[in-house]
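One-letter residues, chain by chain:
Protein chains: 2
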Amino acid sequence: MEHKVERLLVNYKTLEEFKKFKEYGLQELSMLDDLEANIIENDSESPFYGIYFADKLVARMSLYKRNARFDKYFEPKQDFLVLWKLEVLPDFQKKGLGTSLVAFAKAFGLPIKTNPRVQSHEFWKNMGFKPAEYDMERDFGENPLLWHPAGL
Amino acid sequence: MEHKVERLLVNYKTLEEFKKFKEYGLQELSMLDDLEANIIENDSESPFYGIYFADKLVARMSLYKRNARFDKYFEPKQDFLVLWKLEVLPDFQKKGLGTSLVAFAKAFGLPIKTNPRVQSHEFWKNMGFKPAEYDMERDFGENPLLWHPAGL
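Keeping their order, the protein sequence lines are chains A and B.
With the numbering used here as the guide, the letters of the first sequence map in order to residues 1 to 152.
With the numbering used here as the guide, the letters of the second sequence map in order to residues 1 to 152.
Where hints are given, some of them may not hold.
Chain copies aren't distinguished; within one or between two, either way the pair holds.
Below, computed lysine-lysine pairings styled on DSS-like, alpha-carbon distance capped at 25 Å [said to hold, decoys possible]:
1. 56 <-> 19
2. 94 <-> 22
3. 20 <-> 130
4. 125 <-> 19
5. 19 <-> 77
6. 130 <-> 19
7. 130 <-> 13
8. 20 <-> 77
9. 125 <-> 22
10. 4 <-> 125
11. 95 <-> 20
12. 125 <-> 13
13. 77 <-> 94
14. 20 <-> 72
15. 77 <-> 4
16. 56 <-> 22
Read the hints as simulated data drawn from the structure, not as lab findings.
Produce the complete structure using the sequences and hints provided.
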């Protein structure tokens with residue numbers, strides 16, 4: 001089944017919905033601050049993409065394109081996407097929503113780097129992601145996983 | 001109560017004990033690979049520090065000094081410590097072991113940056129750590145917390 005992935009707008013409704021996700025943190029608090037202080041406008045585009053079910057946000061991820069000069073993961077250095085905070089609310093798991101979000105990210109045709117916070121190796125393996133070679137000065141506590149359109 | 005904090009040596013015993021910790025990941029697997037391939041020697045020093053109870057590792061953290069040129073957190077740029085994978089095994093929590101590890105890290109007299117993976121705001125607040133101002137291109141999914149010997 002195809003799920004419609006939408007770019008999320010920064011507004012009080014979105015930020016309220018974010019509170020249902022486990023990985024609510026400094027990023028969301030900073031968006032709220034910026035909205036309240038009029039540093040960003042209501043309904044500005046956010047780095048988040050999500051899937052709605054009956055007007056309720058049930059899955060989300062953050063996605064950001066980095067320039068090749070910041071690439072420490074791929075050879076040769078190239079533009080790539082950082083994907084983080086991929087999360088599906090518990091009642092909506094096992095329906096392919098996470099897969100739809102990753103498929104959406106892959107469709108940009110760029111390599112992707114993520115660092116899953118939860119134990120989800122099987123999911124990412126099924127998505128074709130592979131562990132990077134661990135580099136302490138780059139990774140510290142991260143477990144970076146990589147995907148490349150042309151294969152790794 | 002004071003707990004003795006020891007630098008952990010890389011050997012099969014240590015790496016086996018690491019499996020009891022939730023944040024076992026690429027870093028530990030890479031240490032195991034390096035040991036097996038003789039890239040590092042048995043009993044080499046590791047970036048991990050820990051506390052033993054009756055010969056059993058019950059708490060640990062990783063600690064690494066970064067040069068000021070990599071500093072994106074403090075003003076002016078300065079040498080600082082990255083602290084990650086602070087974790088106390090469930091049966092040994094609420095005994096001050098986490099506090100002892102953080103006190104050990106602070107004793108180096110350098111500012112510290114950490115990115116706790118679990119909800120532990122109260123602990124880090126009690127330790128004097130404060131959230132960094134969120135910067136998407138630096139932090140992505142991180143919630144960086146900072147401590148400075150001279151106060152932030």
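Each hint tested on the structure:
1. Taking the shortest alpha-carbon separations for residue 56 and residue 19, only the intra-copy value of 12 Å comes in at or below 25 Å, while the best inter-copy value is 39 Å.
2. In this assembly of identical chains, residue 94 and residue 22 lie within 25 Å of each other by CA distance both inside one copy and across copies; the values are 17 Å within and 24 Å between.
3. Taking the closest pair of Cα atoms, residue 20 and residue 130 come within 25 Å of each other only across two copies (24 Å); inside a single copy the shortest separation is 29 Å, beyond that limit.
4. Within a single copy, residue 125 and residue 19 get their C-alpha atoms only as close as 28 Å, which misses the 25 Å cut-off; across copies the closest is 21 Å, which meets it.
5. In this assembly of identical chains, the alpha carbons of residue 19 and residue 77 never lie at most 25 Å apart, being 36 Å within a copy and 34 Å across copies at closest.
6. Within a single copy, residue 130 and residue 19 get their C-alpha atoms only as close as 30 Å, which misses the 25 Å cut-off; across copies the closest is 21 Å, which meets it.
7. For the homomeric pair residue 130 and residue 13, neither the shortest alpha-carbon distance inside one copy (36 Å) nor that between copies (28 Å) is at most 25 Å.
8. In this homomeric assembly, residue 20 and residue 77 never come within 25 Å of each other (Cα to Cα): the closest approach is 37 Å inside a single copy and 37 Å across copies.
9. Proximity of residue 125 to residue 22 under the C-alpha cut-off of 25 Å is found in both arrangements, the shortest distances being 22 Å within a copy and 20 Å between copies.
10. In this assembly of identical chains, residue 4 and residue 125 lie within 25 Å of each other by CA distance solely inside one copy; the values are 23 Å within and 40 Å between copies.
11. Taking the shortest alpha-carbon separations for residue 95 and residue 20, only the intra-copy value of 18 Å comes in at or below 25 Å, while the best inter-copy value is 32 Å.
12. Taking the closest pair of Cα atoms, residue 125 and residue 13 never come within 25 Å of each other, the shortest separation being 34 Å inside a single copy and 29 Å across copies.
13. With identical chains, the CA atoms of residue 77 and residue 94 are never at most 25 Å apart, being 35 Å at best within one copy and 46 Å at best between copies.
14. In the homo-oligomer, the alpha carbons of residue 20 and residue 72 never lie at most 25 Å apart, since the shortest distance is 33 Å inside one protomer and 31 Å across protomers.
15. In the homo-oligomer, the alpha carbons of residue 77 and residue 4 never lie at most 25 Å apart, since the shortest distance is 32 Å inside one protomer and 44 Å across protomers.
16. Taking CA atoms no more than 25 Å apart as the test, residue 56 paired with residue 22 passes inside one copy only; the shortest distance there is 16 Å, against 32 Å between copies.
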